[in-house]
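Residues per chain, in single letters:
2 protein chains.
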Amino acid sequence: MMRELYFHRDERRGVEKTFMWITEELGELGRAIRKQDEQGMKEEIADVLAWLCSLGNLLNIDVEEAALLKYSGVCPRCKKIPCECVFQ
Amino acid sequence: MMRELYFHRDERRGVEKTFMWITEELGELGRAIRKQDEQGMKEEIADVLAWLCSLGNLLNIDVEEAALLKYSGVCPRCKKIPCECVFQ
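Sequence order for the protein chains is A and B.
With positions in the first sequence counted from 1, the corresponding number in our numbering is that position plus 3.
With positions in the second sequence counted from 1, the corresponding number in our numbering is that position plus 3.
In short, the hints are calculated from the structure, not lab data.
Treat each hint with caution, since some may be false.
Remember, identical chains collapse to one label, so a pair may be satisfied in a single copy or spanning two.
Capping the alpha-carbon separation at 30 Å, the derived lysine-lysine pairs in DSS-like fashion look like this [what the hints assert, rightly or not]:
hint, residue 1, residue 2
1, 20, 38
2, 20, 83
3, 20, 82
4, 73, 20
5, 83, 73
These numbers were taken from a predicted model, which means no experiment stands behind them.
Produce the complete structure using the sequences and hints provided.
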């Protein structure tokens with residue numbers, strides 16, 4: 004869906020600038036959290052995901068598929084549900 | 004799924020440190036892109052999404068739902084498919 008909406012623009016913008024957009028949106032998410040702005044948090048977390056999908060489209064990576072491949076129901080490190088890794 | 008796997012740890016870690024983890028993983032994604040490490044890109048993009056979901060769980064935000072709400076098939080700014088906004 005994000006591909007259909009935005010790929011023509013993502014492609015023109017390129018990987019580097021799209022990466023910068025993610026960090027910009029992540030900064031906005033940080034500010035919304037700091038200000039305890041609940042509506043803002045929702046919007047900014049959606050924006051970070053949207054830009055991550057745009058980046059994935061540019062890199063030919065299906066973000067959801069990549070995540071499901073790595074986190075397929077068990078922790079990829081300890082293989083447990085829930086995760087029992089000792090690191091924090 | 005991420006909630007079941009990691010919420011007990013996310014909760015102990017807290018919002019701030021979870022936010023820091025996202026930025027750390029985003030940095031690793033940046034490095035994988037710079038090195039043109041395709042396997043690394045897939046893994047790191049999965050990690051960024053996983054940490055974003057962890058943060059969402061802590062903030063009681065369903066990341067996918069928030070994204071679908073904002074990007075419901077049309078661009079939230081210009082309302083067009085594909086997006087026709089003039090800004091880059």
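For this session: Hints the structure violates: just list their numbers, smallest first.
Result: none
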